[in-house]
Amino acid sequence: MTKHIEAISRRQALMLAAGAGAALAAPGIARAQSFPERPVTLLVPFATGGYNDRLARAMAPFLQKQLGQPVTVMNRPGGGTVLGNTFYMQQPDDGYMMMVHSAGPYIPLSILTRNARYKAEDFHMINLPSRDLTLAASATSKGINSIDEVVTRLKADPRSLSIGVQPASADLINMALFMQAHGIDRSKVRVVTYDGGGPARTATAGGHVDVGFVGGEGFLPIKDRIKPLLMFSDEKSTDYPDVPLLTDHARAAGFQPQSVDGSQRGFVVLKRFVEAQPERYRILLQAVERATKDPECVSTLANQQLATTWYGPEASNRAYLASAALMAQYADLLKQA
Amino acid sequence: MIDFPAFGSAVAMLAGSPSAWIWVVPGLLIGLVFGALPGISVSMAMALVLPASLYMDFLPAIIFLTSVYTGAGFGGSIPAVLINIPGTSSAVATTFDGYPMARKGQHSEALGAALFASCIGVLISYIVLFVLVQPLAEIVLRIGPYEMAAIGIWGLVLLGSIGGSSVAKGLFAAAIGVLCGTVGMNTAGYMRGDMGISWLLDGVPTIPAMVGLLAASQLFALVNAKFIVEAEEHRTISLRRILDGGVMVLRHPVTLLRGTAIGIFVGAVPGIGSSIANLISYGETRRASKDPDSFGKGNPEGVIAAESANSSSEGGSMATMLALGIPGGGATAILLAAFAMHNVIGGPRFMEQNRDIVYAIILSNFAQAFVLLLVGGAFVFVASTIVRLPLRYLIPSVLVMSTMGAFAIEGSIAGPLTLLVFAVLGWLMSRYGFPVAAVVVGLLLGKLIETEMLRAWQLAGGDAMYVFEHPVAVGIIVVMFVSLGLSVRRDLRRRAALKAQAVVVSAD
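As you go down the protein sequences, you meet chains A and B in turn. First residue of the first sequence: 1, per the UniProt record's numbering; consecutive thereafter. First residue of the second sequence: 1, per the UniProt record's numbering; consecutive thereafter.
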């Protein structure tokens, strides 16, 4: 999937270069449209302090510079983003509110596991700069040295190791697909569920469970306490350069690698709004793009370990919908933890 | 374990930077006010000021946030004592004896005891943090589902039937609390009892429910009273009596130290935190007391136990956050976010490389404990004027404030609705003699016990014998049974002695 994004982002870049002339004329149009004429809100469907909240707050001053209006952050946590998403669906299509969201996996997951009443296609991605990938890891004190050791032990006796994972998560799908590929009976494995990445990581680092399958980024502060075993990705991670990748592991083991991104985070609006207000959407899109590419923004966010890659709406929507489809395909895996 | 050169540079850092000091008093005051407002929790108070801290340097920002933390930790006890509504979920046990004290006219003593217990608790917890941060964090990281479930069960056993006219009614009330506490998605991803209402996906909003239960049960009981304190001559606001409360704390060093120890340890465990520490310390003090019946009727020891534990939780959870980079609860999660916003990644590396900054934060918190004594004293002095307010003004104001707080914490009408539903439940229960406090205890502990028991079961793969691989958990349960057995035996003996006495008296 990464390869897709890479390829498209290159094409996207060309398209953008072609459209540069139009972009230069944009501030004039913005003024003529007099949008936005009041403050713009970034809605974060999580509590203060998480990745999305930090991303929104860090981007706000740079967006403000582009939009010429104050940009404020509003948190509306709860129900695995169902409450925030529902609230957002109820807002008028005037472009005064954008979401900063872990759209993948939260939107599809909330539909599949929490019976939310919206559809994955109701949302439109402006840009999803951040991806977090599932990492299989074990506490250093456990003395587990490689993923092959884990596979061998689980194949011999599925009850020999306990696994920590979040229910209804991309991590669970990845874990389930991994077990399936190796012919390990998941119903016999001792799977321990944690309602949040934080508790799952604490349980992994503390050795409460033998192996944890959870987003790798959150492990960075306690990197020294864990032995990373496998990254569910096809591309080397800058955070964990020496960790084996699923693609290589699968090739060696002779199966087709399949995985979903742990989190795809960034700027989200409603498809309804894009269709109803194409002009305003264009202004917002441009503002997000310019803010994302602003060198000052890039360096400020890099210091806070926040991503500023520009993939653009086309690539972002494709990645989001692809992972939503994959999740729908494996929905039955999600229902049994 | 103390790195003296780093300590020296921490002192220099604090001495040479007035900006590190100017935010202490505003921080404490903000914490006190938000903590005292029913419905605004410690972490919410910190979340509200988090954006402001972005514009400060790193050290002043962290000191400012920890001041808010310290202030809010104590602020919750003020409405708990004066109107029986805990300002935060960490002050629930403070209401058990604080409010009866206030009704007897000892509001100044109760608040004084709460203040001194809090300040000393904060101070000791940071001293422990200063000396033992690494070992404490290592122990805490090992606390898994078995141990946590054991701690939760201990709390429920100690407090399950609190305050009722009969044990059966107490257990019934606690069961209702547990039932309400387990609404929503459980840790394995199954939905229970949400009745299709999306607001219940994360469970019953705890704080509005708690405020509704406690407020309703008490405010209706006040219907014929004109003032919280009946006797006019007791409606005084006196600094001397606040200090008397402080003296009470010093007269009960064992209670204070036990509460502080429980607070530091329980507060340090990620996912448990100060509200559970507050309950367990109260329950343990009541159990250990020679006169358990005096609790719930205005025993200052109850206030001391409750307040020392919730305040010392701060040092405990700071240890987990600084040494491991793991937030133990909402407040330390916000501190970690503040770290990140200043381009600092919290965790073991930060501790190793910036020992001087860590020491500066700890030293500043020593100072905060002393400043809290002054600022908190003044705040309490002003706040206790509400005992002079006629109830016909006070009750409606409290109801309006609670409703607004419930709205603020949920950000929607779901908060006030929860408050209303639980107020009706609280009123019904107290009318028929069911202890409302036990519902609150069940509400707070039910989710914890259920979650951890479920994980323990998953970890064991259904094998009940697996529990013996967790000696600490077994130890906690054994100690619990032994101590319960001892108190039951003591009660029986005392009852027998009383009966014998009664026989002697009647024989005369």
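If you are wondering where the hints come from, they were derived from the structure by calculation, not from laboratory data. The beta carbon of each residue, even a glycine, is placed where N, CA and C say it ideally should be. Any given hint might turn out to be false.
Straight-line distance between alpha carbons at most 20 Å, and here's what the computed EDC-like set of lysine to aspartate or glutamate pairs gives [said to hold, decoys possible]: (1) K142(A) / E352(B); (2) K223(A) / D293(B); (3) K169(B) / D293(B); (4) K188(A) / D293(B); (5) K297(B) / D491(B); (6) K293(A) / E314(A); (7) K119(A) / E296(A); (8) K65(A) / E314(A); (9) K188(A) / D332(A); (10) K271(A) / E289(A); (11) K236(A) / D148(A); (12) K227(A) / E469(B); (13) K293(A) / E275(A); (14) K65(A) / D248(A); (15) K142(A) / E138(B); (16) K271(A) / D148(A); (17) K223(A) / D463(B); (18) K104(B) / D194(B).
The calculated label-pair distances, taken between Cβ atoms and stated as ranges, are [unchecked claim]: (19) V382(B) / P70(A): 29 to 39 Å; (20) S146(A) / G485(B): 41 to 51 Å; (21) A12(B) / D93(A): 54 to 64 Å; (22) L428(B) / N115(A): 52 to 62 Å; (23) E352(B) / A302(A): 34 to 44 Å; (24) P70(A) / P5(B): 38 to 48 Å.
Hints numbered earlier in the text: which of these fail when held up against the supplied structure? Failing hints, ascending: 1, 2, 4, 7, 8, 12, 13, 14, 16, 17, 18, 22 and 23.
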